[in-house]
Structure formats: C-alpha cells, structure tokens
Amino acid sequence: MLHVENIEKYYGSRNNVTKALDRISFDVAKGEFISIMGASGSGKTTLLNCISTIDTVSAGRILLDGENIAELSDRQLARFRRERLGFVFQDFNLLDTLTLEENIGLALTINHADPQTVKTKVREAAEQLGIQETLDKFPYQVSGGQKQRAACARAMVAGQSLILADEPTGALDSGASKNLLEIMTRMNRDMGATILMVTHDAYSASYASRVLFLKDGRLFNELIRADRTRPVFYHEILDVLALLGGDISDVI
Amino acid sequence: MTLSKLSLRNARRQARDYLVYFVTIIMAAALVYAFNGLVFSRELRRLGTMMDSLPLVIVLTSIVVVCIVGWLVQYTTAFMLARRSRELGTYILIGLEHRQVAGLFFLENLAVGTAALALGTVLGNLLFQALRAVTLSLFHVPYVFGFSFSLKAVGLTLFYFALIYLFALFRCHRRIQSMKICGLIAYDRQNEREVIRKKRGRQKIFIASILSGLIGTLLLLLRHLPAGILGAALIIFFLYGFFISFSSGVPSYFEKRPEKKYKNGVLLIFRTLSAKLATMGVVMATISLLFTATLISEGSGMLFNALFQSRSEQTTCYDLFIASSSLEEDHFEDYLAYIDRNISVRESMRYDIYQGEDQQVTDHIGAAADYWSCFDYDTLMKASDYAALRSMLGYPEISLGPGQYRVHCMPYLAKILKEYSLPLSVNRHTLAPAGVSTESFTQSLWDGNGRGFILVVPDEVLVSCPVSHSIYAAMTDEPVSAGQFQALCQIRDEKDTAGGSYDTLFSKAAAEAESASMYAVIVFPLYYLALVLTMVAATILTIQQLSESDRYRRQFELLRKLGMDRREMKQVLFRQFAIFYIMPALPPLFIGIPFILSLGGAFDPGTLSGPAHLLMTTGSALGSFFSIYLVYILTAYASLKRNVLPEPYG
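These protein sequences, in sequence, are chains A and B. Heads up, the first sequence is in my numbering, so the first residue is 64 and it goes up one at a time. Heads up, the second sequence is in my numbering, so the first residue is 6 and it goes up one at a time.
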C-alpha cells in the first residue's frame with residue numbers, strides 16, 4: 064500500500080546542512096499496524112510529515128497505492144490528504160470551538176460528504192470507539208483519552224485508508240494510553256485500518272505488528288511481532304532500544 | 006530585568022498587536038485636540054456673533070466623544086486582560102504579587118496611552134489648522150498658516166484622556182487583584198454560553214425586539230421630541246434584544262438542522278462566531294448602536310450643510326436688499342442717505358412688486374407641491390425691471406414678447422411651473438406662458454421677488470395694478486460689513502417704532518456669515534461625532550478579529566493537514582469575516598436611511614432642489630460612512646489573511 068524508497072531530507076543552508084532522513088526505504092502492506100521508534104531527533108516525525116505530504120522529501124520517492132505523492136499538485140495533495148489519510152496527533156488537534164461530534168464530522172464536511180449522513184456516520188464511529196456519550200461536549204470538557212479517541216474517529220470516519228499517528232499516547236496517562244492502544248488495535252484488526260504510528264514509547268510500539276527503528280535519520284533495525292505475545296514483543300523492543308544506546312531512559 | 010523594563014517591552018509588543026487600536030486612539034486624541042483648539046481660538050470666535058456658542062457645543066460634543074472613546078479604552082484593556090490572562094497568571098505563579106502584576110498592566114497601558122496622546126497632539130495641531138482653514142473660508146477670511154500651540158487645548162485634551170485611562174485602568178486593577186491563578190490560566194480556552202437559554206424566552210425577545218425596532222424607527226420619523234426620545238429607547242432595546250436573542254438562537258437552530266450545519270464551511274463559520282456568543286451579542290448590538298448614531302449624525306450634518314448653503318444662496322442674490330410694504334414714495338430715503346455716505350454701491354435699483362388679479366398660479370403650485378403661500382394673489386414684476394435686475398446680477402439676457410409672461414421661480418418649483426400652460430389674464434390682457442427661469446432671485450421669503458415664484462409681464466399690463474411691496478436692491482464693490490448692516494438695521498428699527506410697517510433687510514455678507522456660524526456650530530460637531538463613532542466601532546470589530554488570529558491560524562493549519570483546499574479555506578475565512586462586519590451594519594441602514602430621508606423632507610420647501618438632491622445627500626452620508634468603515638475592513642482582512650493563511654501554504 065505504501066512504498067517508501069530511498070528518501071532523504073535535508074534542512075538548513077548550504078554551509079550548515081542537517082540530514083534529518085538518510086536513504087530510508089520500507090513498505091507498508093494494507094491492513095498492517097506499524098510503529099516507527101527512535102529517540103528524540105532521530106527523524107521519526109520528519110518521516111511521518113513527509114509521508115503525510117505536510118513536508119516534502121529532498122530525494123527519493125513515496126508511493127501510496129502506486130501514486131507518487133511528490134508529483135501531485137497542491138490541490139491534488141489536499142485532496143489526497145482528506146480522502147486517503149487520517150491523522151492522530153500527540154496534542155489531539157481538536158478545534159476548541161467545535162463539539163466532539165463536530166470535530167469528527169469535520170473530516171466528512173471537508174470531504175464534501177452528504178450533510179444528511181454526517182450525523183449518522185459520526186455516531187457509528189463514536190460507538191465503535193466508545194465515546195458516544197461525550198459527543199455533544201467541547202474538547203475542554205472531556206478527558207485526554209476521550210479527546211484522542213475523538214481524534215481517532217476523525218481519522219477514520221471518512222473512510223481514510225492510512226492512519227498516521229504521531230505520539231498518540233504522549234499526552235495520556237497509562238490507563239488512557241492502554242485504552243487508546245487497544246482501540247487502535249481494534250481499528251486495525253476489525254475495521255481493516257492501516258496504521259503507521261510514530262512513538263518513542265516501547266509499550267505503545269508493542270501493540271504494532273512490526274516496529275521500525277530509526278537512529279540519526281537512518282533505518283537501524285526492524286522487528287516483526289509474528290505470533291509472539293505482546294509482553295514478549297515488548298521485551299524484544301526494549302532489547303533493540305538498548306542496542307540503539309544511550310536513550311533507554313528516554314524510552315520507558 | 007526590572008518591572009518597568011518588562012512593562013515597556015510589553016507596551017511595545019502590545020502596540021504591535023493592537024496597532025489598529027493604537028492608531029484609533031491617536032486619531033481620537035488628534036480630533037479631540039483639534040476641536041479643543043476651536044474652543045480656545047479667539048480668532049475664530051470673533052468671526053461671527055453666533056460663534057460665541059461654538060465652545061459650549063464643542064465641549065458638550067467632546068463629553069459624548071470622551072464617553073465613547075472611554076468605552077473603547079475600557080473595552081480594549083479588559084479585552085487585553087482576558088487575552089493575556091495566561092501570561093499574567095504565569096507572573097503570579099512565579100511569585101509576583103497581584104499588586105505588582107496590576108501595576109505592570111497599569112504601567113504598560115499608561116505608556117501606550119501617553120504615546121498615543123503625544124502623537125495625537127502633534128497630529129491634532131495639523132488637524133486644527135485644517136479646521137481653522139475651513140472655518141475661515143466659510144467666512145471668506147483669507148487663511149494664513151500659523152503654527153499655533155494652544156496650551157489650554159493640550160490641557161483639556163490631557164484632562165479628558167486622564168479621565169478615560171484612569172477609569173479603565175482602575176477597573177482592570179480591581180479585576181486583577183481579585184483573580185485566582187487557575188482562573189487566569191484557563192480563561193482563554195472556554196467557549197461562552199448562550200445568554201438566553203430557553204427557546205421560548207429567546208423567541209419572545211426576538212419578536213419584541215423586531216416590533217420595538219419598527220415602532221422606534223416610526224417614532225423617530227415623526228420628528229417630535231418626546232416621541233423621538235421614546236423611539237431612540239425602543240431602538241436601543243431592539244438592537245440589544247435582536248443581537249442577543251439572535252446569537253443565542255443560532256446554536257439551537259443548527260442543532261436541529263444537522264444537514265445545514267455540515268454543509269460546506271457552515272460548521273466552521275457558525276462555531277467560530279458562536280464561541281463568543283455572550284460578548285458577541287452585546288458587542289454587535291453596541292457597534293450597531295454606534296453605527297446608527299453615526300449615520301444619523303452624518304446624514305443630519307450633510308442635510309444641515311445643504312440647508313445652510315441653500316439658505317445663504319436663497320436669502321438674497323443681492324449684496325444689499327431692503328423690502329417694504331409701505332407705499333410712501335420717500336420710504337427708502339433714510340436708508341439711501343446712509344448708503345450714499347457709507348457704502349460704495351456699484352449698481353442699484355428701486356422697483357415694485359405688483360398684485361395680480363387672482364391666484365391661479367399660486368393655487369396650481371399649492372395643489373402640486375409642498376408650498377406655503379404668503380399672498381392671496383399672484384405676484385407680478387415689470388419686464389423692464391426684470392431685464393435690468395438680470396443685467397445687474399450678471400444673468401444672461403432674456404427677452405419677453407408682447408402678449409407673453411415668464412415665470413422666475415425657485416428650482417424645486419421649476420418642473421411644476423414648466424408643466425403649467427394656462428394663459429394669464431391681467432388687466433384685460435391675456436398672456437401666454439413663455440418659459441421658466443430658476444436662477445437665485447431672493448424668493449424664499451414673503452417680501453422678496455415673490456414667494457417661491459414671480460410672474461414677469463410686459464410693463465404696459467401693470468399700469469393700473471396695485472403694488473404689493475417695494476424693493477431696493479444693490480450690488481456693492483465691497484461686501485457690506487457687519488457694522489454697516491447693523492447701522493441699516495438700526496434705521497429700520499427706528500422706523501418701526503415710528504409706527505410704520507416692518508421692513509425686511511438682507512445683506513449677502515451677513516447671510517453668509519450666519520450660515521457659516523450655523524455650519525460651524527451644528528455641522529462640525531455632528532461630523533466630529535460621526536467620525537469618532539465610526540472609528541471606535543470599527544476598531545472594536547477589528548480588534549476582535551485580529552486578536553483571534555492565533556486561534557484562526559491553528560484552526561486553518563489543522564484544516565490544511567486534514568486536506569482542505571486553500572481556495573475553500575479562503576472562502577471560509579472570507580465568509581466568517583464578512584458576516585462579522587456586515588451584521589452590525591445592517592440595522593443602522595434600516596433605521597438611518599429612513600431617518601435621513603424624513604429629516605430632509607422636513608426642511609422648508611425648496612431647501613433641497615428635489616428628491617434627487619435628498620437621495621444624493623443620503624448617498625453621500627452612506628458613502629462617507631462606508632469609506633471609513635472600508636478602510637478598517639480592508640486593513641483587518643489583509644492582516645488576518647496574512648496571519649492566518651500565509652502564502653507558501655498549498
């Protein structure tokens with residue numbers, strides 16, 4: 064579904080170049096749940112931004128369903144984002160002035176969905192994520208976990224094929240994090256959502272079916288969960304992180 | 006860093022954030038200073054006898070202006086306090102005392118106010134020169150630039166602004182003192198609730214407000230003082246009732262109609278506006294009230310301007326005019342003796358106005374136009390007198406054939422008289438109409454060249470007609486001075502006490518001076534008020550919009566990530582913006598336009614040359630209001646677009 068090929072990303076001027084991404088390649092199959100891990104500054108968010116078309120790559124190419132996103136015009140990019148991608152951000156990024164229902168419905172409105180069906184679709188998505196009771200509340204009136212579930216609902220309500228999550232549990236307590244990760248697993252398993260999650264938390268990453276490790280902008284390692292239980296996978300991730308060096312205190 | 010340095014730095018940043026507010030305060034200070042200059046200018050007060058009342062009128066207007074600017078300052082400081090509550094809360098959190106934070110806020114606002122006042126005074130000096138030039142030109146006194154710095158005007162301006170700022174800051178001081186840290190920190194994230202929650206209550210208030218708006222406007226149109234005051238009160242109720250019930254009703258309207266809410270950009274627009282429901286209703290109503298007052302002041306100012314202009318034009322076309330209904334041959338002798346001795350006359354004439362046999366033309370006009378007649382006969386003039394008068398006034402020559410009569414009338418009667426085609430019978434002569442002239446001809450009062458019109462007939466027709474009144478008219482080399490006119494009036498008064506009839510005396514210079522004084526005393530303050538009202542109202546709208554830039558930017562940044570087109574984002578922003586600026590301007594149009602039209606209709610017939618003149622005056626009032634409003638709108642929109650949708654974004 065997603066094909067990332069030799070992408071590079073540089074920042075800065077001619078005299079002072081920072082290489083944020085260095086020849087990264089990987090594939091994501093439809094229905095996969097992938098985690099990208101790495102310490103702060105390893106290039107995780109830059110990679111996600113490039114895939115989500117918010118940022119552009121300096122070299123290499125990204126194909127989504129065979130389409131090279133670098134070749135799309137501004138309008139096509141906007142259309143691509145609203146039809147194909149769903150976003151879940153660390154700080155939720157819900158609009159304070161909209162209720163949770165309206166925040167979720169916003170994705171449908173932007174996609175020019177039939178206004179008659181918006182409410183029904185939002186209710187369905189909210190029920191699947193267990194936030195139907197809080198739909199008429201404003202973001203500042205609900206908990207972080209509920210906000211993030213609303214963000215997940217917004218990311219999938221318009222039938223988006225790839226959900227990009229940037230540190231989704233970063234602002235949640237452990238209970239709310241666990242709850243959210245289970246919901247994301249359900250979204251992946253039961254609803255067929257393809258999820259690409261950036262995190263530096265090994266516990267969150269252990270919910271994925273595959274984990275990519277980044278270090279200094281390069282792909283350092285890859286772990287596949289296969290039939291292992293989640294706790295076993297979690298410990299394997301910790302082992303790789305130990306190999307990454309220096310950042311162990313940063314990741315648990 | 007000391008507290009005062011922090012204050013100064015904040016004040017500088019604040020001036021950048023609230024540039025529009027800062028500019029408006031400078032302009033307000035400049036206007037207040039310039040008009041205070043008029044209050045203390047002896048030169049201008051000496052221009053006319055009526056100019057003595059100018060200081061009082063200006064001071065009274067300034068008090069209204071101070072109240073309005075005071076509201077702006079109070080509103081903006083309270084608004085800044087709310088916007089910066091998180092920052093101020095952080096100061097308290099890190100150990101500053103409430104008193105110190107209040108002092109910090111006080112100091113930086115005082116710094117902004119002082120800077121605005123200083124700049125305003127400098128600009129005000131230039132503005133005063135402009136006002137001085139206009140006033141002098143009204144009185145035909147040559148203008149010479151003289152940079153005058155009136156300490157008294159500065160003092161009075163300072164006094165007004167000290168009152169404004171101390172009141173506003175005292176209120177903020179008290180609010181900061183009583184605030185809790187958590188309240189300060191969470192203040193800016195919450196949405197406001199509807200003011201009136203119950204639907205039935207909302208509907209009742211909405212209907213009552215619309216009704217009171219209609220009744221209030223009708224009462225204003227009656228032009229009766231007690232009814233006008235009641236009308237104004239009803240209009241105030243209408244504006245507040247309408248905006249508060251309307252803004253409270255919007256969320257429930259969309260709640261019940263999700264299909265409308267989720268259509269295009271409606272959701273975003275409606276939620277952005279409804280997030281500030283409580284203040285929005287009140288602010289919109291207040292702005293609308295200010296705009297209504299602006300339109301009424303501006304329209305009245307323009308109509309009075311037209312009135313004074315037409316009055317000075319219509320009062321007399323001669324430099325000196327004396328009319329008397331006395332038929333004594335030597336009635337004008339006393340006047341002429343004085344004139345010969347004291348006034349250099351270029352050309353003069355004595356002539357009579359005659360009584361017609363009937364009042365067929367007067368009746369025709371009375372039936373077709375707004376006209377009050379003064380005579381129970383049509384007034385007539387000899388063709389030879391008419392030709393001589395035209396030549397004296399420098400009007401083109403017009404010949405009258407035998408058996409013809411010509412009409413000379415005020416412009417507003419021209420159409421009716423052109424349509425009049427009946428023959429005129431005088432002394433067994435039957436005369437046919439030969440056309441209409443409308444140059445200025447001293448016809449607005451009863452003993453001029455007819456009242457509104459005169460019929461010019463061949464000399465021989467009037468041989469045995471009775472005289473209505475006699476006139477002495479003169480064109481002079483120099484305008485008749487106030488002293489000379491006074492002396493002539495004294496001669497008239499002495500004649501009057503001797504038991505004769507009361508003569509009418511006009512001098513063009515005196516009429517113009519009177520109009521100029523009335524203009525300065527009535528039109529200046531109305532424009533002054535209108536200008537300040539528009540600026541204050543538009544500033545509050547602009548501050549509201551621009552201070553939301555950050556919130557809008559975050560919102561549009563998210564929308565961009567979610568895949569909204571830039572074109573669609575622009576549309577949403579524009580619609581949001583347009584609703585915000587159009588809403589408060591609509592009710593004033595429905596109240597202001599009928600008021601201006603009705604006030605124009607109340608003037609003496611002939612003051613305005615016709616419906617087109619009235620519509621043009623109304624259009625000018627609207628035009629000048631919207632041109633200032635548009636400057637604020639365009640500035641705000643350009644700035645908002647630059648902040649919220651910066652160009653590089655795709």
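Take the hints with a grain of salt, since some may be wrong.
As a list, the in silico BS3-like pairs of lysine-lysine whose alpha-carbon atoms are at most 30 Å apart [said to hold, decoys possible]: (1) Lys-184(A) x Lys-93(A); (2) Lys-209(B) x Lys-200(A); (3) Lys-420(B) x Lys-200(A); (4) Lys-241(A) x Lys-200(A); (5) Lys-575(B) x Lys-278(A); (6) Lys-278(A) x Lys-82(A); (7) Lys-566(B) x Lys-184(A); (8) Lys-209(B) x Lys-268(B); (9) Lys-423(B) x Lys-200(A).
In short, the hints are calculated from the structure, not lab data.
Going down the list of hints, with the structure as the test:
| no. | hint | result |
| --- | --- | --- |
| 1 | Lys-184(A) x Lys-93(A) | holds, 23 Å |
| 2 | Lys-209(B) x Lys-200(A) | holds, 28 Å |
| 3 | Lys-420(B) x Lys-200(A) | violated, 69 Å |
| 4 | Lys-241(A) x Lys-200(A) | holds, 23 Å |
| 5 | Lys-575(B) x Lys-278(A) | violated, 40 Å |
| 6 | Lys-278(A) x Lys-82(A) | holds, 12 Å |
| 7 | Lys-566(B) x Lys-184(A) | holds, 21 Å |
| 8 | Lys-209(B) x Lys-268(B) | holds, 29 Å |
| 9 | Lys-423(B) x Lys-200(A) | violated, 74 Å |
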